[in-house]
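J.: Sequence:
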Amino acid sequence: MSSPVGLPREIASSPTQRYDNVSFSNITKDFPYCETVEKIVGRSLMTRIMDKKDLQAEALLHDKQMVGLIVYKNGLQSRFHNEGKDKFEIKKIMLLSPDSSSKNYKQELLNRVITLAKRNFAKGVLITIEDSSNLLSFLQEKEFSIVKSWEKTAMFPKEHLIEYNFPSNKTSIMPTSINSRGSNQVNNGSSVGEEVGASSGKRKARDEEPEIFVPNKSRNISVRTHILPMKGTIYFEYIMSGVKKFEGRVSGPACNSMRVGDRLKLFDRREGWGIICEIVSKDNYRGFQDMLEAKGVLPLLPQLEDKSKWMSNEQLLQEGLRVYQSFPGSFRVNQFGAAAIGVKFIEKIYN
Numbered sequence: 261m262s263s264p265v266g267l268p269r270e271i272a273s274s275p276t277q278r279y280d281n282v283s284f285s286n287i288t289k290d291f292p293y294c295e296t297v298e299k300i301v302g303r304s305l306m307t308r309i310m311d312k313k314d315l316q317a318e319a320l321l322h323d324k325q326m327v328g329l330i331v332y333k334n335g336l337q338s339r340f341h342n343e344g345k346d347k348f349e350i351k352k353i354m355l356l357s358p359d360s361s362s363k364n365y366k367q368e369l370l371n372r373v374i375t376l377a378k379r380n381f382a383k384g385v386l387i388t389i390e391d392s393s394n395l396l397s398f399l400q401e402k403e404f405s406i407v408k409s410w411e412k413t414a415m416f417p418k419e420h421l422i423e424y425n426f427p428s429n430k431t432s433i434m435p436t437s438i439n440s441r442g443s444n445q446v447n448n449g450s451s452v453g454e455e456v457g458a459s460s461g462k463r464k465a466r467d468e469e470p471e472i473f474v475p476n477k478s479r480n481i482s483v484r485t486h487i488l489p490m491k492g493t494i495y496f497e498y499i500m501s502g503v504k505k506f507e508g509r510v511s512g513p514a515c516n517s518m519r520v521g522d523r524l525k526l527f528d529r530r531e532g533w534g535i536i537c538e539i540v541s542k543d544n545y546r547g548f549q550d551m552l553e554a555k556g557v558l559p560l561l562p563q564l565e566d567k568s569k570w571m572s573n574e575q576l577l578q579e580g581l582r583v584y585q586s587f588p589g590s591f592r593v594n595q596f597g598a599a600a601i602g603v604k605f606i607e608k609i610y611n
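Residues in the sequence shown are numbered consecutively from 261, following my numbering.
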């Protein structure tokens, strides 16, 4: 497995052995280890995780066994107002299998935390961690610092709030490409962030109120062009080659205004180029899972092709669902549903 892109130097892993069968899975009601997770976090917290309004959780899997757990707040909804402005909060992080390879599991957990934080354009990370945690000293080695401590119970006498602040020139940097074959889910997740629509105010406004060009006067029919921002030009390559057949989005007002035959402009402003596609179909679904079941995982998320070679169909479906549910703004699917927009490449465009 290759190392995730875009990680701060002090966070990035040292050149130790990594594992091909490592992935992260979003914890939903269909997750096979839900009972184990509930025993760890308690029924109250598990209910909030299942609800997904303010919390989500992901499990680190190695050879299909759960070895780690992350519970995090949606967006930048930190409860620590003084320390937590523009910070991404991890409510719980645990290593469940402290064996000889635990150093690698620790790094996988940290890589995932950083990826999630950067996807939310956070300025740093806040983690609540028990004093007895086998991760505390590791995180301190990675330049996390204790900002406050408190007594909890007789069983767990002390907890700490630790933080890491991104360098000022990297607070909004996000991975913009997916590594080649062999990349793990940390990489897969990092470039897919615009599949759902991010929480940034400007991007959200553009997503909900799409720009429409003047109708094409060279034809007798009116052809509208809708603009959706995107990060990760690898998706343009997927669409151009025909392996990505559908663009998956939360079915908000932007998608509702689209019609078959319209044009869809997908543009990466950071990279300065994009593509124009024809909208060949548009289907609405109750949620991401219904969409993935109907269209298939790979036509929506072709970057999961390598994993499809060893995952069962159900595991691949859950992996695709985890990808969509992990993005900022994904909770809006509960209100609007999901849309699969069939796309056919027309031309490449530049800024």
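Quick caveat, the hints were computed from the structure, so don't treat them as lab data.
One should not assume that every hint holds.
[Unchecked claim] Restraint ranges, calculated between C-beta atoms of paired labels, are given here:
1) 565 <-> 418: 42 to 48 Å
2) 397 <-> 533: 29 to 35 Å
3) 606 <-> 409: 23 to 29 Å
[Unchecked claim] Pairs of lysine-lysine, DSSO-like flavour, derived with a Cα cap of 30 Å:
4) 569 <-> 289
5) 505 <-> 289
6) 525 <-> 505
7) 525 <-> 418
8) 525 <-> 555
9) 525 <-> 402
10) 312 <-> 555
11) 505 <-> 345
12) 352 <-> 525
13) 352 <-> 408
For every residue, glycine included, the Cβ atom is placed at its ideal position computed from N, Cα and C.
J.: Each hint should be assessed against the structure and marked as holding or not.
T.: Hint check:
no., hint, result
1, 565 <-> 418: 42 to 48 Å, "holds, 46 Å"
2, 397 <-> 533: 29 to 35 Å, "violated, 45 Å"
3, 606 <-> 409: 23 to 29 Å, "violated, 58 Å"
4, 569 <-> 289, "holds, 25 Å"
5, 505 <-> 289, "holds, 29 Å"
6, 525 <-> 505, "holds, 15 Å"
7, 525 <-> 418, "violated, 53 Å"
8, 525 <-> 555, "holds, 22 Å"
9, 525 <-> 402, "violated, 41 Å"
10, 312 <-> 555, "holds, 24 Å"
11, 505 <-> 345, "violated, 39 Å"
12, 352 <-> 525, "violated, 40 Å"
13, 352 <-> 408, "holds, 16 Å"
Figure legend: structure checked against the earlier numbered hints; hints not met, in rising order: 2, 3, 7, 9, 11 and 12.
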